[in-house]
Every structure is written in structure tokens, then in C-alpha cells.
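With the first letter of the sequence shown counted as 1, position 216 gets the number 216 in UniProt numbering; the numbers rise by one all the way through.
You may find that some hints are simply not true.
[Stated by the list, open to error] Label pairs and their calculated CB-CB ranges:
(1) V46 with D187: 48 to 56 angstroms
(2) I254 with A107: 22 to 30 angstroms
(3) A225 with N59: 45 to 53 angstroms
(4) Q135 with E232: 22 to 30 angstroms
(5) E89 with E165: 17 to 25 angstroms
In short, the hints are calculated from the structure, not lab data. All C-beta atoms in this analysis are idealised placements derived from N, C-alpha and C, irrespective of residue type, glycine included.
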Amino acid sequence: MRYSIGEFASITGVSADTLRLYEKQGIIRPLKDHSNNYRYYYDLDVRSLLVSRLYRSLNIPLQDVSELINGATAQRVQQQILQSKTNLEGQIRRSTLLLNKMNEIQAELEQIEERLYKCRIKQLTARYRLKQTSQDRLLKEPYLKEMVNEWMELLPFTFFCFRIENWNDTPGNHLLKYSWGMTLTQDDLLNLNVGVSDRVEYLPPVRCLSSVIRTSAEDSFSADAFRFMLDELAAKGHKVTGDITGKLLLNEYIQEAQGSYLEINIPF
Numbered sequence: 001m002r003y004s005i006g007e008f009a010s011i012t013g014v015s016a017d018t019l020r021l022y023e024k025q026g027i028i029r030p031l032k033d034h035s036n037n038y039r040y041y042y043d044l045d046v047r048s049l050l051v052s053r054l055y056r057s058l059n060i061p062l063q064d065v066s067e068l069i070n071g072a073t074a075q076r077v078q079q080q081i082l083q084s085k086t087n088l089e090g091q092i093r094r095s096t097l098l099l100n101k102m103n104e105i106q107a108e109l110e111q112i113e114e115r116l117y118k119c120r121i122k123q124l125t126a127r128y129r130l131k132q133t134s135q136d137r138l139l140k141e142p143y144l145k146e147m148v149n150e151w152m153e154l155l156p157f158t159f160f161c162f163r164i165e166n167w168n169d170t171p172g173n174h175l176l177k178y179s180w181g182m183t184l185t186q187d188d189l190l191n192l193n194v195g196v197s198d199r200v201e202y203l204p205p206v207r208c209l210s211s212v213i214r215t216s217a218e219d220s221f222s223a224d225a226f227r228f229m230l231d232e233l234a235a236k237g238h239k240v241t242g243d244i245t246g247k248l249l250l251n252e253y254i255q256e257a258q259g260s261y262l263e264i265n266i267p268f
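Taking the hints into account, I'd like the entire structure generated from these sequences.
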């Protein structure tokens with residue numbers, strides 16, 4: 001029995017637009033009545049249609065569906081389904097990593113108020129950092145352009161991290177030599193299978209005194225911003241033993257005034 005496109009679409013539960021697309025891809029081949037230019041479908045066309053819909057439901061691309069419908073062996077069908085399965089497993093893995101990172105970021109933001117200007121001990125894991133600024137001035141090194149694009153694609157796993165180099169807490173030391181750069185923890189770098197070059201800085205694991213501060217956009221970045229942390233270390237007889245690092249947690253706008261919440265980590 002033959003059916004018009006509207007009848008066939010209604011019976012099979014597939015839209016007329018999808019039938020036209022499948023015809024264009026050679027998945028189904030309705031017969032054309034040249035007397036009226038109508039296309040007619042037949043009962044056996046349902047087989048190709050249902051199998052093609054099955055393949056699409058398995059996330060097999062439409063172009064590959066056409067190949068499978070038009071002469072693929074059973075082994076080729078199995079290979080294509082296996083490839084689709086592998087792709088889906090990769091997507092699930094990436095989505096799981098993303099969900100875990102979202103939970104991590106949410107927890108950090110929820111703790112901002114309770115951590116603000118309060119100190120605690122924190123163990124930092126190893127990190128890899130792409131230096132992008134000198135003080136707050138963006139660097140224009142040629143190698144940075146490609147690497148920054150690659151690391152931007154890794155958001156939200158990358159984060160903006162500052163590093164105060166050659167720290168020396170002497171009286172009156174207000175001018176800091178610092179830089180900012182996109183950073184990945186070692187765990188995220190391994191999970192995402194990211195390669196690193198000798199242009200990427202390695203920040204080793206370290207025990208730190210950690211706190212959160214809020215700075216305004218107009219404030220210059222100085223040791224006074226985290227002096228309370230240095231005072232606490234000194235009161236307990238500890239000394240700074242390496243570069244001070246930290247990360248941008250959040251930008252906030254209140255009555256058009258911009259402020260930033262920063263996590264400060266001082267190794268001791």
C-alpha cells in the first residue's frame with residue numbers, strides 16, 4: 001500500500017520535515033509520481049525508517065546513518081555503535097568532571113563570608129600556571145596567544161591566580177612584585193589530559209595560612225591587604241617560606257563600585 005508524505009508521517013510518528021531530510025540523505029527513497037510530482041511511501045519503507053531512527057537515538061551522526069542503511073555489514077554497524085558508545089562515555093566523564101568542579105566552586109563561594117579576614121591552615125596541591133601579566137599589565141609574548149586560547153577553552157577548570165615572587169617581608173615593604181595567570185591544579189591537568197610546555201610555571205604542593213580578602217578596583221595590591229595574616233604567622237613564631245599565591249574568587253558590583261574577593265595563601 002502506498003502513502004502520501006502526510007499519511008506516512010502521521011502513521012510512523014516522524015515529521016514530514018524529517019522524512020524529507022532522510023530522503024535527501026538517501027536513507028529512504030520514496031517513489032515519485034511524475035504525473036503530479038507527489039512522493040509516495042510504502043509499508044516496507046518503515047523498516048529503513050525505524051532502523052535509521054534507532055541509529056540516530058544512539059547518537060550516530062546522520063551522515064553515518066545513511067552509510068549504515070545503504071549497505072553496511074553487521075560488523076560495520078557494531079563498530080559504529082561502539083564508536084558512539086565511546087564518544088558518549090567521554091561526554092559523561094567530562095560532564096562528571098564539570099559537575100564536580102561546579103560543586104567545588106559553589107562551596108568556595110558559599111564560604112566567602114565565613115572566611116573573610118579569618119585565617120585557617122590549607123594544604124595546596126600542585127598547580128601549573130601560565131603567567132599572563134607583570135603586575136597588572138598584560139604580557140604580549142607571542143607564545144602566549146595560542147596557549148591562552150587553549151587554556152580559556154578549559155574554563156571553568158582554569159582559574160586566575162596571582163603569585164608574589166621573591167617575597168621578603170621587611171618593614172615598609174608595600175610595593176610587591178606580582179603577576180597573574182591562568183592556572184590548573186595538577187589533578188585537573190591530569191584529568192583533562194593537558195600537556196604543558198616549559199613556558200608553564202610549576203607551583204609545588206605547600207602548606208599555607210589561608211584567608212579571603214575583599215579589595216576594591218581602586219586599591220593598589222600591597223602587603224597591607226593581608227598584613228593581618230603576616231601578623232598571625234609572626235605571633236606564632238612562623239616565617240614565610242616561599243612565594244605567596246592566591247586566586248580570584250568573585251567580582252562584585254555594589255552601587256556601580258567594583259570589588260574583588262581574593263583567596264590569599266601564605267606558605268610557612
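Query raised in the report: Hint numbers the structure violates, sorted upward?
Result: Structure breaks hint 5 only.
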